Amino acid sequence: MSLITPDFGLLFWMTLIFAIVFFVLAKFGFPLITGMVKKRSDRIEDSLRRAEEADRQLKEMAETHKRMLEEVRKEQARILNEAAASGEKIVQEAKEQARSQAATMIEQAREEIRIEQDTARRQLTGEVTALAIEVAEKLVRGHLDNADKQDALIERLIDEARASHQTTS
Amino acid sequence: MHRIKTILLLLALMLPFPAGASGHGTPSKPGELDMQSYLFGHVSDAYEWHITTINGHPVSFPLPCIVIDDGLHVFLSNHIEESGYRLNEEGKLVNAATGERPIDISITKNAFSLILSSILLVALILWTAGWYRKHDAMKEAPRGFAGLMEMLISMVTDDIIKEGVGKDYERYAPYLLTAFFFIFLNNLLGIVPFFPGGANVTGNIAVTLCLALCTFLAVNLFGNKHYYKDIFWPDVPTWLKVPLPLMPLIEIIGIFTKPFSLMVRLFANILAGHIMLLGVVAVIFVTAKLGPALNGSMTVISVLFGVFMDILELLVAFIQAYVFTMLSSVFIGLSRQEPEHETKIETTK
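Taken in order, these protein sequences are the chains called L and C.
At position 25 of the first sequence (counting the first as 1) the number is 25 in our numbering, and the numbers step up by one without a gap.
At position 38 of the second sequence (counting the first as 1) the number is 38 in our numbering, and the numbers step up by one without a gap.
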């Protein structure tokens, strides 16, 4: 039957036509299309990969940012605490210093006062003594203008001295 | 409902018309359907393109006959007798005087259909390729028809060729893609019942033989050492190879059965599809003499079956193109397989 015996003429044309079609499509058709499609799919894949990478980096950055912020906040708190502490300390120290200074000044003043007092007292004693001696001299000179009186006084003085000597011993 | 009726009517019109079927078979009584000439007239090749018959006058256009006998003779198919040739019982051109068959490279119905479909195919693919030339494919994906083509091409490349051939598949992709689209387009055109389509191109053994031959060449010309070693010295017990080369013989037969199966599968599937469709339509004309009631009901059934068969053929058109490409890529892939376990081979010896 002719259906299952390949006809030479048709085989000839088929071979020729298919060869031409194959040549044209393999040269100008399919490689261009498949190449472009492959390039695009590669590009899409690449873009996806890069997007993922960028996303990852962004997340990392956000993480770093957050960490840094936390650190800064901690640092800030620490500095504030420190400042407060050192301020207090300074005030305390100042107070302490003032107190001690005040104490020394008072002490000095007291000392000076005491020295002044001493000096004044000593001067006063000297002057009073000199005055007493002067008065006594004048008195004695008045009393002792004769020998009798002198002897009597000497006598009395000796007695007194003796008496006082006896009372003390 | 009205729309469905319209669609059914259109589809019924699209079914192959049997009216002009009386080809070159045995003459039958007028008014009676000659089943054999009806079926074979539609599925076999012809020197003219018969479109339909109106009021007993066949509407057809002649195609060039090219014959090498005692020199080259070129004439149109409606001048066969004048040119000193006639058709024999099989419908082939023979010399009228001697009755001998010349070298006949006429552009027959199938050859003409092949030319048309190939021009269409080349135009479609080059147009799609042109889209990529004109556009920056990096920035945009094609839409509309180019998008459809890209989808199909990507599908064939990724699902069939890459899977079947494996490494280095780009080298074979142009051939396999060409084969796929060639078969697919011709299958589809074969379903279209009127002029540009309707020829039984992929259901013709010469066409499938050529395609199978291409796969045969692709497999055997580029097969690697391992492939040929497996044919002539396969890894089987030695007594299967020497003194009687049983396994090599089977392997060598295998080289030819693979493309042979490709050839027959495509041919038989498409031919069977065409004959089924024609048979379903023929029911209308066979039952014509059984009375209007039976004929009417059978017509309805025939149209419904025809619609079903047409849709099935659409599916088959795709499946056969798919299967041919897939098996071709698998055969190519097998011919390029690298040996897996050298040590295992030693132990089996």
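None of these hints come from the bench; they were simulated from the model.
Just so you know, these numbers come straight off a predicted model, no measurement behind them.
Watch out, some of these pointers could steer you wrong.
Stretches of chain L that chain C covers, calculated by requiring three or more beta carbons in the stretch to come under 8 Å of a beta carbon on chain C [unchecked claim]:
id : segment
1  : 39-47
2  : 60-74
3  : 130-140
With a straight-line Cα cutoff of 30 Å, these simulated DSS-like cross-link-like pairs (lysine-lysine) come out [to be verified]:
id : chain 1 : residue 1 : chain 2 : residue 2
4  : C       : Lys229    : C       : Lys162
5  : L       : Lys27     : C       : Lys167
6  : C       : Lys241    : C       : Lys229
7  : C       : Lys229    : L       : Lys38
8  : C       : Lys162    : L       : Lys27
9  : L       : Lys39     : L       : Lys27
10 : L       : Lys27     : L       : Lys38
11 : C       : Lys225    : C       : Lys162
12 : L       : Lys39     : C       : Lys289
13 : C       : Lys162    : C       : Lys139
14 : C       : Lys241    : C       : Lys225
15 : C       : Lys134    : L       : Lys27
16 : C       : Lys167    : L       : Lys59
17 : C       : Lys92     : C       : Lys167
18 : C       : Lys225    : L       : Lys27
19 : C       : Lys167    : L       : Lys38
20 : L       : Lys39     : C       : Lys167
21 : C       : Lys167    : C       : Lys229
22 : L       : Lys38     : C       : Lys134
23 : L       : Lys138    : L       : Lys149
24 : C       : Lys241    : L       : Lys39
25 : C       : Lys162    : C       : Lys134
26 : L       : Lys27     : C       : Lys241
27 : L       : Lys38     : C       : Lys241
28 : C       : Lys167    : C       : Lys139
29 : C       : Lys134    : L       : Lys39
30 : L       : Lys89     : L       : Lys74
31 : L       : Lys66     : L       : Lys89
Each residue gets a CB set at the ideal place from its N, CA and C atoms; glycine is no exception.
Checked hints:
Restraint check on the segment 39-47 of chain L versus chain C: 3 residues with Cβ-Cβ distances below 8 Å, three needed, restraint holds. Counting residues of the segment 60-74 of chain L whose C-beta sits closer than 8 Å to any C-beta of chain C gives 0, which falls short of three, so the coverage hint is violated. Taking a C-beta to C-beta cut-off of 8 Å, the segment 130-140 of chain L contributes 0 residues in contact with chain C, too few for the three needed, and the coverage statement is violated. Between Lys229 of chain C and Lys162 of chain C the alpha-carbon distance is near 25 Å, which keeps this suggested pair within the 30 Å criterion.
Our distance criterion of 30 Å between C-alpha atoms is met by Lys27 of chain L and Lys167 of chain C, whose separation comes to about 21 Å. Taking the CA atoms of Lys241 of chain C and Lys229 of chain C, the gap is near 12 Å; set against the 30 Å cutoff, the hint holds. At most 30 Å may separate the alpha-carbon atoms for a hinted pair to count; Lys229 of chain C and Lys38 of chain L exceed this at roughly 35 Å. Between Lys162 of chain C and Lys27 of chain L the alpha-carbon distance is near 20 Å, which keeps this suggested pair within the 30 Å criterion.
Of the pairs offered as hints, the one joining Lys39 of chain L and Lys27 of chain L holds, with about 18 Å between alpha carbons and a cut-off of 30 Å not exceeded. With a CA separation close to 17 Å, the supplied pair Lys27 of chain L and Lys38 of chain L stays within the 30 Å bound. Restraint check for Lys225 of chain C and Lys162 of chain C: the C-alpha separation of about 22 Å stays at or below 30 Å, so the hint holds. For the proposed pair Lys39 of chain L and Lys289 of chain C, the alpha carbon gap of about 64 Å is over 30 Å, so the pair is violated.
The suggested pairing of Lys162 of chain C with Lys139 of chain C holds, with an alpha-carbon distance near 25 Å, which does not exceed 30 Å. Restraint check for Lys241 of chain C and Lys225 of chain C: the C-alpha separation of about 18 Å stays at or below 30 Å, so the hint holds. As the CA atoms of Lys134 of chain C and Lys27 of chain L are separated by approximately 18 Å, the hinted pair is consistent with the 30 Å bound. For the suggested pair Lys167 of chain C and Lys59 of chain L, the alpha carbons sit about 39 Å apart, so the restraint of at most 30 Å is broken.
Straight-line distance between C-alpha atoms of Lys92 of chain C and Lys167 of chain C comes to about 47 Å, which puts the hinted pair past the 30 Å bound. Proposed proximity of Lys225 of chain C and Lys27 of chain L is supported: the alpha carbons are some 29 Å apart, at most 30 Å. With a C-alpha separation of about 16 Å, the suggested pairing of Lys167 of chain C with Lys38 of chain L holds against the 30 Å cut-off. Simply put, Lys39 of chain L and Lys167 of chain C have alpha-carbon atoms about 18 Å apart, close enough for the 30 Å limit, and the pair holds.
Restraint check for Lys167 of chain C and Lys229 of chain C: satisfied, since their Cα atoms lie roughly 20 Å apart, inside the 30 Å limit. Taken as a hint, the Lys38 of chain L and Lys134 of chain C pair is honoured in the structure, with Cα atoms around 17 Å apart against an allowance of 30 Å. Pair hint Lys138 of chain L plus Lys149 of chain L holds up; C-alpha atoms about 15 Å apart against a cutoff of 30 Å. Between the alpha carbons of Lys241 of chain C and Lys39 of chain L the distance comes to roughly 49 Å, so the proposed pair goes past 30 Å and is violated.
Only pairs whose Cα atoms come within 30 Å are accepted, and Lys162 of chain C paired with Lys134 of chain C is accepted, the gap being roughly 28 Å. Proximity of Lys27 of chain L to Lys241 of chain C is assessed by CA-CA distance (about 44 Å); at most 30 Å being required, the pair is judged violated. Distance check on the hinted pair: Lys38 of chain L and Lys241 of chain C sit about 46 Å apart at the alpha-carbon level, beyond 30 Å; violated. Taking the CA atoms of Lys167 of chain C and Lys139 of chain C, the gap is near 29 Å; set against the 30 Å cutoff, the hint holds.
Between Lys134 of chain C and Lys39 of chain L the CA atoms are separated by roughly 16 Å; this keeps the pair inside 30 Å, and the hint holds. For the suggested pair Lys89 of chain L and Lys74 of chain L, the alpha carbons sit about 22 Å apart, so the restraint of at most 30 Å is met. About 34 Å separates the Cα atoms of Lys66 of chain L and Lys89 of chain L, which puts this hinted pair outside 30 Å; it is violated.
Checked against the numbered hints given earlier, the structure breaks hints 2, 3, 7, 12, 16, 17, 24, 26, 27, 31 and satisfies all the rest.
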